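Protein chains in written order, with the working numbering: chain G, 42 to 401; chain C, 42 to 401.
Note that these hints are calculated values from the structure, not bench results.
These numbers come from a predicted model, not from an experiment.
Treat the hints with care, as some may be off.
No distinction is drawn between identical chains; accordingly, a pair holds when it is met within one copy or between any pair of copies.
With a straight-line Cα cutoff of 25 Å, these simulated SDA-like cross-link-like pairs (lysine to any residue) come out [stated by the list, open to error]:
hint, residue 1, residue 2
1, LYS178, TYR239
2, LYS178, ARG311
3, LYS178, MET43
4, LYS382, PRO77
5, LYS308, ARG359
6, LYS183, GLN345
7, LYS363, SER152
8, LYS62, PRO100
9, LYS51, TYR239
Number of protein chains: 2
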Amino acid sequence: MMSWEKNVRKVVPYVAGEQPKNPNIIKLNTNECPYPPAPGVGAALHGFDCSILKRYPDPDAALLVEALARRHGLSPKQVFVGVGSDDVLAMAFMTFFQSGKPILFPDITYSFYDVWADLYQIPYECQPLDEYFCIRKEDYFKENGGIIIANPNAPTGVLAQVSVLEEIIKANPDSVVIIDEAYVDFGGESCAGLINQYENLLVTQTFSKSRSLAGLRIGYAMGSEKLIHYLNDVKFSFNSYTMNAVTIAAGIASVEDEAYLQDTVAKVVRTRERVKKELSDLGFIFPDTMTNFIFAAHETVPAQEIFEALRTNGIYVRYWNKPRISNYLRISIGTDEEMDKLISFLKDYFGSCYTGGQKG
Amino acid sequence: MMSWEKNVRKVVPYVAGEQPKNPNIIKLNTNECPYPPAPGVGAALHGFDCSILKRYPDPDAALLVEALARRHGLSPKQVFVGVGSDDVLAMAFMTFFQSGKPILFPDITYSFYDVWADLYQIPYECQPLDEYFCIRKEDYFKENGGIIIANPNAPTGVLAQVSVLEEIIKANPDSVVIIDEAYVDFGGESCAGLINQYENLLVTQTFSKSRSLAGLRIGYAMGSEKLIHYLNDVKFSFNSYTMNAVTIAAGIASVEDEAYLQDTVAKVVRTRERVKKELSDLGFIFPDTMTNFIFAAHETVPAQEIFEALRTNGIYVRYWNKPRISNYLRISIGTDEEMDKLISFLKDYFGSCYTGGQKG
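Make a model of the complete structure from these sequences and hints.
Right under this line is the structure:
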């Protein structure tokens, strides 16, 4: 090792779901939406005046912030935008979790939380979900340096009631409580309605799931003016211009087409509901989901075997070899046609498992 | 102050040059290029297939990295891309300046360096430029936790020779040395040619100046495979997907049109050279510049007065009320027409100053 290397920050990077280059893969592994973004997004790109790219973009992304504020019934001073909700959440960790006391989050949740905590040297204590993958609110009534809860949770899909989260927020006036609502559009109730009541509540959402814009990188946070002000100060200490001019224009077009969003969500939910029934018939068990994915274990065949069989046959789902969830697959909801292929493959697969007598 | 606020990271954010919304302003305050980006950028946007935006972008931005590697004669493993060079540099500070020993940079330089150092709690010692705004290499021969030098420097425009920088790099095998080449295309020689010799050298460049793409947010770093690997590890600990799919496509189109880049740079340099003569005739003095801006003091009229007169008349330049540079204006090179208006205004202004007997 060269001497300069001693002083390098060494981290274990997060490993995201695979992004295969082969377009024939049925990609149900990163919870993307199978439908294209709102038509206005294309119009914004295809009519974009490129000569303005010579100028720096608006550092406040004011027009996008205003569109989001209108959509959520908030003031623009209550909205912060970033390069995907990962950018927003990483900045929120850095801004709000500075007490030196451990922050709290569930033992099974979005796997970036502990990565950010390690990166910023923030101590943390994972709180075990119950046997149904539900949070136990009492776990969050102790002293802490901050709380983050994904709702609905990932990768479980389980939704906590807003009233339960409100009890946690109310019990922690000394901490910032972040509710990460990446999947809330698929059937959950948002905590955004509590923002004007609780100054310590930050709610994050993303354009990557329900808005079909994972490729554009937009996430946002909503909270009290004070919280948003602190976030902006930290953001402007890194990089004044994070959101580019094209993204701002395309993002606004998405926000302004509420009907398209609702239509897309309805299609995904319809597919999810029938796939739940089909997976159940095939012997899968899973907590009820309010997201665009299903977190399922099979009653007889180990998840890793199913995962590998699917993968070999060009169907990608997500699998983690981690405590408590190593027998589960996280299956994103694709188009009806994609899900038909999944179910059809699984029928054959379990058929051969059972009749061949080699498994189960 | 609410109790949660005690644990918030409080920073003094960087204040960027103003981005006025009025298009009639002659904007010579943020060193943007006055010409539009390469025509291929427009083609990339206007023909973009929006349906792919439903998928996450390539987290490695491999096609853009490969295009940059080809352009610079490097391997793709020697190139890292980020959301503007501010993103790249902030990540490099976080990754490489971890020794606890003070990092070194000039007293007059890009004003984000001390902001990042403060943000990451990195100690630093500013090294005074000499009376001609040149670095003194001996200042960088002492023990340190890392070095960053902008070359050409901002806001002075002064270029250091590669041979001088090489002495500094060679004298510091225990530190990472970053050469920030945001403006190098306008007449400087790059240190990129030294990368294969010095494992501790990181060279950063940007699409925001010579490529007329400030609005798109692309910066990049070039260095040894080891340095780039460490940077990627830290990047993937924050946010796997920072560069969106549209930006990757548009960025590649820019890199692939070398002739357009050279033509744009030649136009800016031609304008700069004649404006240098005109400013000199008007009584300005300035160090020679190898950038797209001129850092000029007037021999009789204080910079702040000129700054305010220009501003009142719709011409924005940059002014800092800071030690050693409070009598200087940083004037970006605009189009010939914009610079004609600047010169014409200044002629009238100094004429009235001198004949009116109120100033000078």
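Cross-check of the supplied hints:
{"no.": "1", "hint": "LYS178 / TYR239", "verdict": "within (17 Å within a copy, 55 Å between copies)"}
{"no.": "2", "hint": "LYS178 / ARG311", "verdict": "neither (31 Å within a copy, 68 Å between copies)"}
{"no.": "3", "hint": "LYS178 / MET43", "verdict": "between (49 Å within a copy, 23 Å between copies)"}
{"no.": "4", "hint": "LYS382 / PRO77", "verdict": "within (20 Å within a copy, 47 Å between copies)"}
{"no.": "5", "hint": "LYS308 / ARG359", "verdict": "within (22 Å within a copy, 52 Å between copies)"}
{"no.": "6", "hint": "LYS183 / GLN345", "verdict": "neither (37 Å within a copy, 56 Å between copies)"}
{"no.": "7", "hint": "LYS363 / SER152", "verdict": "within (11 Å within a copy, 45 Å between copies)"}
{"no.": "8", "hint": "LYS62 / PRO100", "verdict": "between (33 Å within a copy, 12 Å between copies)"}
{"no.": "9", "hint": "LYS51 / TYR239", "verdict": "between (37 Å within a copy, 21 Å between copies)"}
In the structure shown, a violation is registered for the earlier hints numbered 2, 6, in ascending order.
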